[in-house]
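Student: Each chain, written out:
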Amino acid sequence: MNSRSVGAFFGKELMEYVKTTKLLILCFSFLLFGLLSPLSAKYINEIIAGVGNLDLKLPDPTYLDAYVQFFKNMYSLNILIVVMTFMGLVVDEKVKGTVQMTLTKGLSRTAFILGKFFSALLVFSLTYLLAVGACLYYTYLLFPEFINPGAPIAFLLFWLYGVLMIALTLLCSALARSHTVSAVGSFVVFTLIALTGTLPRVGALLPGYFNSLGMELVMGVAGAGKALWPGAIVLGLIGLALVLTLIFFRRQEL
Amino acid sequence: MRLSTDEAQLAIETFKLHKSFNGIKAVNDLDLAVPAGSVYGFLGPNGAGKTTTIRMLTGLSRPDGGQIRICGKEVRFASISHRQHIGFLPDVPSFYDWMNAEEFLCFSGKLFGIDSASLKTRIRELLALVDLSGVKKRIGSYSRGMKQRLGIAQAMIHDPGVLLLDEPSSALDPIGRKEVLQIVASLAGKTTVFFSSHILADVERVCDRVVILHKGKKLIEGTMPELKRLAGSRSIQMELESTERKAEFVQYLSALDWVEQVQERGEEILLGARDLEKAQYEVPAILSQMELGLRKFVLLETSLEDIFLNAVKES
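These protein sequences, in sequence, are chains A and B.
Counting from 1, one number per residue, gives the positions in the first sequence under the working numbering.
Counting from 1001, one number per residue, gives the positions in the second sequence under the working numbering.
Honestly, the hints are just simulated from the structure, not real lab data.
For glycine and all other residues, C-beta sits at the position ideal for the given N, C-alpha and C.
Honestly, I wouldn't trust all of these hints.
Stated by the list, open to error - With a cut-off of at most 30 angstroms between alpha-carbon atoms, the simulated DSSO-like pairs for lysine-lysine come out as follows:
#1 A/K19 to B/K1137
#2 B/K1147 to A/K22
#3 B/K1215 to A/K96
#4 B/K1025 to B/K1218
#5 B/K1136 to A/K22
#6 B/K1296 to B/K1246
#7 A/K96 to B/K1136
#8 B/K1218 to A/K19
#9 A/K96 to B/K1296
#10 B/K1120 to B/K1137
#11 B/K1016 to B/K1215
#12 B/K1073 to B/K1136
#13 B/K1178 to B/K1215
#14 B/K1218 to B/K1228
#15 B/K1025 to A/K96
#16 B/K1313 to B/K1218
#17 A/K96 to A/K19
#18 B/K1016 to B/K1228
#19 B/K1178 to B/K1120
#20 A/K96 to B/K1246
#21 B/K1190 to A/K19
#22 B/K1228 to B/K1217
#23 B/K1218 to B/K1016
#24 B/K1137 to B/K1215
#25 A/K96 to B/K1228
#26 A/K22 to B/K1137
#27 A/K96 to B/K1120
#28 A/K19 to B/K1136
Claimed, not checked - Covered stretches of chain B (chain A as the covering partner; in silico rule of three or more C-beta atoms under 8 angstroms from a C-beta of chain A):
#29 1050-1062
#30 1081-1093
#31 1100-1113
Next comes chain B alone, as it looks inside the complex:
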């Protein structure tokens, strides 16, 4: 067994996980280490292997090789021993359309052997969380957003250690997306959320740790600040109160050793720094020393989109 034995720290571990379809590697020696309690963004373009990975994590699909462990339990294909620890929302959640939300949650809870009294309380809590309290109509008449919210509730019915959400916001309209993301954000710290998506903005908004997958391979992984540092977020955008001494200021900055480059863009000055932290406290000091007023000082952050595109381009 090569997987870590530190069960308390890692909610999901995979080691050299791989799977091919007709000779094409859908998942290629994937090593994952998802910290417990994190909202873990599993990011990749369509066809990157996200759904295949999640299906192997659930035990619905058989890996060609490698190991999976969830909450310390080894995941085996078609086995039920690990299921107590996972809650799963597929990319297109399907329900028994003739049931209503409460009936489906009751059915889901009973499949986990939850007793009726606890189940009643849990259903009430979850319906309130996903804003479906009092909705009595059949699931068949639900909107996609409602189905997705119910999907999250059913995945949480047994209070699992890990929530596997496969593209939970991808097919929704802006309102539905916002609602789902709010629910996911509210789960941070309470449970481990494995959030698969190809929508960068969604991942950036709710995830505290991200892995980027491309052609079944892990390209890059880290917390959002780590990724931004790695991607080289080293720019400051400034605008002086007066443009009269702008040239002097630019010339002064250009001579400094921690400055990479200085560009003038209209009234704005774009400062590229080798050491961003130094720039953050040196620039205000220089301005004060030169008695220059400042109208704008913005630390330009690298977006996840930049990181993603760079990672995919370099792969």
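Here chain A stands alone, though its shape is the one from the complex:
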């Protein structure tokens, strides 16, 4: 493996996000939900009033509602968009046949998988940063206060959750030989991971707990210490998913 070939492949991956619509979709969805979260939190009563005959009045919104809304959106809709964007990472190249062109040149299979993972990670991180920036800025604009001690950890946890979903989606994509199998596998994994938080007794130690933990951290009902175990398990799962992807992909006939 030489650094020039690894760099060339990583560069190609990043350029592919720009040249295709993937980067645009991620930027748009993250920015949209980053902006909409504080906006919808601020104007929720006006929105309800505008619906019509609903005789419902919620308490006056606070900046906490903006963050809660943000994490609700991220853990439900945005993470799904992330999974959909990245589930073709490897299988797309296998189905099209470009993997044969690339892996008969000076690029190892390990570099191929790691190049895929780290480019996806970079794109996800940058677009997520857009969402965080948009959320913070609009919360600052719309509410009298916006600084929350639990928010940085909560933001970090979602990033970690996203990285886990990318690693698991990559695994499904590397194992699959068709887009359908990759998609089904990714959605099954996505659902299972989300449901782990609801398991009795062990739920609070598993990745699915991040979903509610983010909001609890922002609301101040949970401390950062509660993120340690599920955080460690998520890191372990990311590592395990990558190792399994490498093992399977290196044994796979292409």
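Go by the hints and put chain B onto chain A.
Tutor: Structure of chain B alone, referenced to chain A:
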């Protein structure tokens, strides 16, 4: 290690290479010895095991057994150590459609670690070779012929010792086929070309050595003249200036010991010879001796198609 150690002479060597799918032998104890610098025709009907063999040669597919060596380097499944020596064009070449030809060649070159200055020159040379210079449009809008030509260029980007071309002309229209075959023919002597095809005419046109594969087994191998000799190219077609003494001439020929048979087909005489070389100089001498004029004298060559069909029939 049973493979030859004569690295300078052989570009590709396989020993007892085999591979099965669901119990069916796709490649069956295949021994190949491809001389360096040759354009080697790898001929066989669809399903003969050509693509499976090539995929094992590239390291994309794992053999069930046997050995492969390319330019002296042992090929191991998924390894990169031999890749510097091979350039590969799959049967259906796929590219990143959003790139243009120059970008794809640049990407391919960088994957081999070629420095930017050398790469620029190499890309210019290759684009000229495959007639894609100045084509700036995205690969996604290319015709099949253009993609195939670009496929050859990308396979040659690092100046490999061996070019593995899997059915490079099979899916093309006559113009595209001609263009691809011209490129392959131009590579003769410069690099070793392993040319897989089921189109006999293409192989006959560009290859100097041919192996015929059927049901994963090697049926016959040799240079084109060797194969034709083996297949028994022993006929001469003649036409005399005048038919008046044709019967006399036929009768004279029939009595000769090196003549197998003589047939009259209208004005033509078809001479089957046991020794074709002898016939080639004896017949003109007899004609001269009998003072007969000659209008036509054609050495009937056995086509690769005849050889192929015979080999498959006999297998």
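Student: All hints, please: hold or fail.
Tutor: Structure-based check of all given hints:
1. With a CA separation close to 14 angstroms, the supplied pair A/K19 and B/K1137 stays within the 30 angstroms bound.
2. With a C-alpha separation of about 25 angstroms, the suggested pairing of B/K1147 with A/K22 holds against the 30 angstroms cut-off.
3. With a C-alpha separation of about 28 angstroms, the suggested pair B/K1215 and A/K96 falls inside the 30 angstroms cut-off, and the hint holds.
4. Between the alpha carbons of B/K1025 and B/K1218 the distance comes to roughly 13 angstroms, so the proposed pair stays at or under 30 angstroms and holds.
5. Between B/K1136 and A/K22, the direct Cα distance comes to roughly 24 angstroms. Compliance with the 30 angstroms bound is thereby established for this hinted pair.
6. With a CA separation close to 13 angstroms, the supplied pair B/K1296 and B/K1246 stays within the 30 angstroms bound.
7. Of the pairs offered as hints, the one joining A/K96 and B/K1136 holds, with about 22 angstroms between alpha carbons and a cut-off of 30 angstroms not exceeded.
8. A hinted pair counts as satisfied when its Cα atoms are at most 30 angstroms apart, and B/K1218 with A/K19 does not qualify at roughly 46 angstroms.
9. Distance restraint check for A/K96 and B/K1296: the Cα-Cα separation of roughly 55 angstroms exceeds the 30 angstroms cut-off, and the hinted pair is therefore not satisfied.
10. Taking the CA atoms of B/K1120 and B/K1137, the gap is near 18 angstroms; set against the 30 angstroms cutoff, the hint holds.
11. At roughly 15 angstroms between alpha-carbon atoms, B/K1016 and B/K1215 fall within 30 angstroms of each other, so this suggested pair holds.
12. With a C-alpha separation of about 37 angstroms, the suggested pair B/K1073 and B/K1136 falls outside the 30 angstroms cut-off, and the hint is violated.
13. Proximity of B/K1178 to B/K1215 is assessed by CA-CA distance (about 29 angstroms); at most 30 angstroms being required, the pair is judged to hold.
14. Taking the CA atoms of B/K1218 and B/K1228, the gap is about 17 angstroms. The hint holds against a cut of 30 angstroms.
15. Of the supplied pair hints, the one linking B/K1025 and A/K96 holds, its CA atoms being roughly 27 angstroms apart against a limit of 30 angstroms.
16. The hinted pair formed by B/K1313 and B/K1218 meets the criterion: a straight-line CA distance of about 14 angstroms does not exceed 30 angstroms.
17. Restraint check for A/K96 and A/K19: satisfied, since their Cα atoms lie roughly 17 angstroms apart, inside the 30 angstroms limit.
18. Among the hinted pairs, B/K1016 with B/K1228 is consistent with the structure: their alpha-carbon atoms are about 27 angstroms apart, no more than 30 angstroms.
19. For the suggested pair B/K1178 and B/K1120, the alpha carbons sit about 28 angstroms apart, so the restraint of at most 30 angstroms is met.
20. For the given pair, A/K96 sits about 65 angstroms from B/K1246 by alpha-carbon distance, which is inconsistent with the 30 angstroms threshold.
21. Restraint check for B/K1190 and A/K19: the C-alpha separation of about 37 angstroms exceeds 30 angstroms, so the hint is violated.
22. A distance of roughly 20 angstroms separates the Cα atoms of B/K1228 and B/K1217; the hinted pair therefore holds under the 30 angstroms criterion.
23. Only pairs whose Cα atoms come within 30 angstroms are accepted, and B/K1218 paired with B/K1016 is accepted, the gap being roughly 11 angstroms.
24. Taking the CA atoms of B/K1137 and B/K1215, the gap is about 42 angstroms. The hint is violated against a cut of 30 angstroms.
25. The hinted pair formed by A/K96 and B/K1228 fails the criterion: a straight-line CA distance of about 41 angstroms is larger than 30 angstroms.
26. About 22 angstroms separates the Cα atoms of A/K22 and B/K1137, which keeps this hinted pair within 30 angstroms; it holds.
27. A threshold of 30 angstroms between alpha carbons decides the hint, and for A/K96 with B/K1120 the separation of about 28 angstroms falls inside it, so the pair holds.
28. About 16 angstroms separates the Cα atoms of A/K19 and B/K1136, which keeps this hinted pair within 30 angstroms; it holds.
29. Coverage of the stretch 1050-1062 of chain B by chain A holds. Counting CB-CB distances below 8 angstroms, 6 residues qualify, and the rule asks for three or more.
30. Counting residues of the stretch 1081-1093 of chain B whose beta-carbon sits less than 8 angstroms from any beta-carbon of chain A gives 7, enough to reach three: the coverage restraint holds.
31. Remark: the stretch 1100-1113 of chain B is confirmed as covered by chain A, as 6 of its residues place a Cβ nearer than 8 angstroms to a Cβ of that chain, reaching the required three.
Violation of the numbered hints given earlier is confined to hints 8, 9, 12, 20, 21, 24, 25; the remaining hints are satisfied by the structure.
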